[in-house]
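Hey, can you work out the whole structure from these sequences and the hints?
As given, the protein sequences belong to chains A and B, one line each in that order.
Okay, so the first sequence: first residue is 1 according to this note's numbering, each after it adds one.
Okay, so the second sequence: first residue is 1 according to this note's numbering, each after it adds one.
I should point out that these hints are in silico values taken from the structure, not numbers from a laboratory.
Warning: the hint list may mix true and false statements.
[Claimed, not checked] Computed cross-link-like contacts, SDA-like style, restricted to lysine to any residue with a CA-CA straight-line distance of at most 25 angstroms:
(1) A:Lys173 to B:Arg44
(2) B:Lys13 to A:Glu271
(3) A:Lys228 to B:Glu82
(4) A:Lys170 to B:Met80
(5) B:Lys77 to A:Gly212
(6) B:Lys12 to A:Tyr262
(7) B:Lys34 to A:Thr350
(8) A:Lys228 to B:Ile49
(9) A:Lys231 to B:Glu38
(10) A:Lys153 to A:Gln346
(11) B:Lys12 to A:Asp260
(12) A:Lys170 to B:Glu43
(13) B:Lys77 to A:Glu223
(14) A:Lys228 to B:Lys46
(15) B:Lys77 to A:Met1
(16) B:Lys34 to A:Glu223
(17) B:Lys3 to A:Asp260
(18) A:Lys227 to B:Ile49
(19) B:Lys12 to A:Thr29
(20) A:Lys227 to B:Glu37
(21) A:Lys173 to B:Met81
(22) B:Lys16 to A:Tyr267
(23) B:Lys12 to A:Ala213
(24) A:Lys227 to B:Thr67
(25) B:Lys16 to A:Asp264
(26) A:Lys228 to B:Met80
[To be verified] Ranges of calculated distance between the beta carbons of each label pair, as one might list FRET restraints:
(27) B:Lys27 to A:Thr350: 25 to 33 angstroms
(28) A:Lys313 to B:Asn21: 58 to 66 angstroms
(29) B:Ile49 to A:Thr85: 56 to 64 angstroms
(30) B:Ile63 to A:Gly126: 53 to 61 angstroms
(31) A:Lys224 to B:Ile63: 24 to 32 angstroms
[To be verified] Which residues of chain A face chain B? A few of them, derived with a C-beta cut under 10 angstroms, are:
(32) Ser211
(33) Pro216
(34) Asn218
(35) Lys224
(36) Asp225
Since this is a predicted model, take the numbers as computed values, not measurements.
Each residue gets a CB set at the ideal place from its N, CA and C atoms; glycine is no exception.
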Amino acid sequence: MIKSLHKRESELANTHKQLEILSNGIFKTGDLPTFKNKISETNQFPLKAKKLEVLQINVGYMCNQVCEHCHVDAGPDRKEIMTRTTMQQCLEVIKKTGAHTLDLTGGAPEMNPDFRWFVEEASKVGVEDVMVRSNLTIMTANKKYNDLPEFFKKHNIHVVSSMPHWTRGKTDKQRGTGVFDASINALKMLNAIGYGMPNSPLKLDLVYNPSGAFLPGNQMSLEKDFKKALKDDFDIQFHNLFAITNLPISRFLDYLIASDNYEDYMYTLVEAYNPAAVANVMCTNTISVSWDGYLYDCDFNQMLGLPINNKIKHISEYNEDLLKGRDIVISQHCYGCTAGAGSSCQGSVT
Amino acid sequence: MQKTYYDPADLKKFGKISEWNEELGSKFFDYYGKVFEEGALTEREKSLIALAVAHTIQCPYCIDAYTGDGLQRGITKEEMMEALHVAAAIRGGASLVHGVQMMNKVNKLDM
Numbered sequence: 001m002i003k004s005l006h007k008r009e010s011e012l013a014n015t016h017k018q019l020e021i022l023s024n025g026i027f028k029t030g031d032l033p034t035f036k037n038k039i040s041e042t043n044q045f046p047l048k049a050k051k052l053e054v055l056q057i058n059v060g061y062m063c064n065q066v067c068e069h070c071h072v073d074a075g076p077d078r079k080e081i082m083t084r085t086t087m088q089q090c091l092e093v094i095k096k097t098g099a100h101t102l103d104l105t106g107g108a109p110e111m112n113p114d115f116r117w118f119v120e121e122a123s124k125v126g127v128e129d130v131m132v133r134s135n136l137t138i139m140t141a142n143k144k145y146n147d148l149p150e151f152f153k154k155h156n157i158h159v160v161s162s163m164p165h166w167t168r169g170k171t172d173k174q175r176g177t178g179v180f181d182a183s184i185n186a187l188k189m190l191n192a193i194g195y196g197m198p199n200s201p202l203k204l205d206l207v208y209n210p211s212g213a214f215l216p217g218n219q220m221s222l223e224k225d226f227k228k229a230l231k232d233d234f235d236i237q238f239h240n241l242f243a244i245t246n247l248p249i250s251r252f253l254d255y256l257i258a259s260d261n262y263e264d265y266m267y268t269l270v271e272a273y274n275p276a277a278v279a280n281v282m283c284t285n286t287i288s289v290s291w292d293g294y295l296y297d298c299d300f301n302q303m304l305g306l307p308i309n310n311k312i313k314h315i316s317e318y319n320e321d322l323l324k325g326r327d328i329v330i331s332q333h334c335y336g337c338t339a340g341a342g343s344s345c346q347g348s349v350t
Numbered sequence: 001m002q003k004t005y006y007d008p009a010d011l012k013k014f015g016k017i018s019e020w021n022e023e024l025g026s027k028f029f030d031y032y033g034k035v036f037e038e039g040a041l042t043e044r045e046k047s048l049i050a051l052a053v054a055h056t057i058q059c060p061y062c063i064d065a066y067t068g069d070g071l072q073r074g075i076t077k078e079e080m081m082e083a084l085h086v087a088a089a090i091r092g093g094a095s096l097v098h099g100v101q102m103m104n105k106v107n108k109l110d111m
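Right, here's the structure in full:
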């Protein structure tokens, strides 16, 4: 298992270093336009926050996996965990916000000791869609997690799981040896209780991230290929596939630099820039809450240490009216969400 | 003076071909786009055929383009290599099948 950037004491564990890389080099020399200049061409700068639709809460960076591309730099050695007090503050906001989706992420969110309590409380509030981003392998990692599928079912949780490919080789290369088999077992457990089955209200979606320095292909075509392969090979079913572009931050940035792909990848992102995707980028309808309760425009900004540009900084001070219409904080990593069909935590945006 | 005949950056300029003959260039790119749309064959199958042909005609631009295209489509390296072996087998077979002509000639002339 590889180690997190923090554990390795890599210079990229420092977010200032990442932002420096993203602002200098080809963007400083003018070989490529900055994201700000690019969106200014179509009068889309500054990007403005619209009505809040998705509240995304990161309950901690601890994870049982250490994936090569992880933008969170999550892993077993990460100790940042949301406390019940911060969760309570989040619940107060969930009760009064008009957001239709509550998106719980991590790390492996299930590893937070108060995760189940939080899910139980959150599911009582009446948010339309409560989703948990599960890495699947957590369900079989330890006996205490084996009943997670039943727990999710009981609270009508929408399960969104990562799956970079329908073959063992490509999956294990990105996510670690044995991850594919463990994921298949977890998907079978979920299918067995109704998750992902046609017309089932128990929603099971998969997330696809490219396993390398290239963009995701057409989301619908990939979904078709995933569905056929998983059904034919393992009799597994799921609802939708979200194709997500890897953003050049954290461990994926480390991989890009180490494999001498960084500049080519940035060229690829900029060349694939789609102004139509800018209008629907997720930061305009999302607020991301970190494990310690601070607010960000998206999970990627959270991992880059780019806080929300607003008087309101923390979930305890949350005020929807003051947050609405704020300028979104951007940098060159934002090209990842505007390439091709666009990308968000819910997949393509166009 | 340019040191090599091929520059990877030229691939991105392919569309500029139309600048010197708009009518034929446009017709070609319309046709090209249509060919790769899903039909009796899937786009994925067409991408693999293109990759195999790219190696047969030894076009570095096409190899670059269709390797990337294959990765985006989730085509595995095992599938890509099998497609190349199909191309290699046909290409090698095309040489070897002419051996029959050689054998015919030898058999006719040799005592």
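- Message: To test your reading of the hints: which numbers does this structure violate?
- Response: none
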